[in-house]
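**Q** Residue-level listing of the chains:
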Amino acid sequence: MAEPMKIRAKMDGDAADVKVLMSHPMETGQRKNEKGDLVPMHFIQSVIATHNGKLVLDAQWSQAVARNPFLGFRVKGAKAGDKITVSWTDTAGDKGSIDSVVAA
Amino acid sequence: MSAVPLAVGFLIASLGALCGSSFINPALSAQPATARSAAPLELEKPASARPWQRYKVDSQGSSWPQTQWNNFTNLANAGVSPPMHAAPAFSLPVEGDAERGRLLAYDRARGGSCVVCHIMGKTTPAQPGNVGPDLSTVGATRDDQFLFNYVYDPRIYNAKSIMPPWGAFGVYRLDEVRDIVAFLKTLKEPYAITDKNENPNTRPAPVESRDNLEPTENPAMFGLDSGREVFTRKGANGKSCAACHSAPEIAFKTWAARMPRYEPRLQRVLGVEEFITRHARATTADEMLMQSNDNVALSIYLHNLANGAGISPDLSSAGARAALANGQTLMKRKVGQLNMACVDCHTREQHANKWVRGQYLVESKGTTAHFPTWRTSRGDIWDIRKRFQWCNVSVRANELPPDAKQYGDIELALAALNKGEKINSPGIRH
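Residue numbers (this note's numbering), protein chains in the order written: chain A, 1 to 104; chain B, 1 to 430.
Worth double-checking, as some hints may not be accurate.
As the list claims (entries may be wrong) - With a Cα cut of at most 25 Å, we get these calculated PhoX-like pairs of lysine-lysine:
no.	chain 1	residue 1	chain 2	residue 2
1	B	419	B	405
2	A	32	A	83
3	B	122	B	56
4	B	56	A	32
5	B	56	A	35
6	A	76	A	54
For the record, the hints were derived by calculation from the structure and aren't laboratory data.
Take these sequences, add in the hints, and give me the full structure.
**A** Right under this line is the structure:
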């Protein structure tokens with residue numbers, strides 16, 4: 001599987017504008033496959049973002065979030081060159097993480 | 001990429017400009033190009049699953065209709081749909097249940113409902129279309145006989161109508177046609193839709209403003225990464241694509257823009273995706289059926305390498321010209337239970353740039369350069385053949401396998417129509 005996350009972080013006024021796209025099926029547990037069997041629940045449960053190692057966002061997600069989730073947020077007080085890290089954990093215990101240096 | 005191959009790229013570009021498409025760079029002789037020794041292709045087996053079975057769901061779970069429309073014409077079999085015939089005898093005046101007729105006329109589950117194309121008086125539900133005339137006063141201007149015949153089969157009066165023969169093709173039973181006529185007879189008051197976004201004649205055309213090449217916006221960009229990986233991955237015989245194609249950024253700068261192309265060994269048109277299947281079988285021994293994940297990923301990668309290149313199909317051979325002519329003919333063929341042709345909805349002369357309910361009909365020109373494309377409404381990446389299959393199913397015609405000759409001909413006809421349009425892949429569309 002290719003890099004399962006994409007991130008963009010750049011300054012916008014006094015805040016860093018961060019955009020993240022995660023590649024994930026986000027199965028609700030209610031969808032049926034071609035054979036008519038239920039596809040087991042499998043979704044990102046927890047998302048954490050840090051700014052230079054300090055926690056700035058801690059989200060609990062559910063089945064209600066669509067496949068390939070997009071997350072956008074702003075980090076006030078961040079500066080160009082700072083490091084933003086976004087990580088997730090899903091119901092199967094799988095993890096993903098990506099970081100980016102904030103562009104000017 | 002290092003500076004050296006870049007310099008080579010400039011050299012090729014400038015020489016290519018001098019010599020036209022006949023220029024062959026010996027360093028890249030493994031590359032297929034026009035007027036070149038033929039690329040290795042496996043020629044015997046089909047390039048997609050057999051027997052072909054329609055998709056049940058897309059990867060996000062959006063379902064495909066499962067009805068088989070064997071009694072109607074499709075792109076592979078002409079003349080199956082029932083011929084035009086007079087409506088069966090009916091008594092005048094037409095008696096029916098106007099309320100049931102109104103429900104039928106607005107029912108999305110049956111034929112898509114009349115409001116897909118018509119405004120129908122003050123009870124018109126949200127977002128009517130404007131492909132057909134406003135019917136708000138039809139009950140005051142048309143008689144029972146006309147209404148019954150027209151709903152049964154509009155071609156009785158108007159050979160050019162694109163309205164489905166609702167009765168003749170069995171979408172509605174005769175008693176249902178009578179109910180619909182009873183409802184139409186109640187429509188006597190003009191109805192002006194004042195909300196500009198609600199009125200299909202003033203509703204602004206949708207504009208796709210998402211940046212398709214921005215990785216955080218277009219999930220198909222994940223496919224581009226996968227494609228690059230498949231390209232460098234060792235195949236079943238230990239060889240990768242990259243083993244022969246060492247400088248893909250140069251070699252494929254315009255390749256996808258010159259596809260699809262007529263392949264004399266198969267005597268039909270190959271698109272990028274079928275080429276991938278057959279070329280991989282002959283070179284890396286990989287099996288990448290059309291519309292498999294690997295195939296679509298590679299197709300995205302190869303199209304993306306040609307981004308910015310103008311579409312320029314090779315129509316120089318007699319075979320290509322025959323395929324083009326056949327593609328153009330097929331685009332005029334009425335198919336399916338709804339009896340519609342590509343040109344009915346997607347040409348300016350007919351009904352392009354109008355609304356079918358909340359969906360906007362686009363012209364065929366300007367609609368191919370972004371494939372393969374992410375479809376937000378389906379949660380899936382579609383190559384152009386899957387788009388064709390969905391078009392077929394939408395007018396209730398059996399779709400063909402993705403490697404069908406007819407789809408190749410239509411793809412070539414669309415490429416000719418889109419000549420000069422710049423490849424911009426992967427796309428993103430609703």
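**Q** All hints are to be evaluated individually against the structure, with a verdict given for each.
**A** Results for each hint:
no. : hint          : in the structure
1   : 419/B - 405/B : 21 Å, holds
2   : 32/A - 83/A   : 41 Å, violated
3   : 122/B - 56/B  : 38 Å, violated
4   : 56/B - 32/A   : 10 Å, holds
5   : 56/B - 35/A   : 9 Å, holds
6   : 76/A - 54/A   : 13 Å, holds
In summary, the numbered hints that this structure violates are 2, 3.
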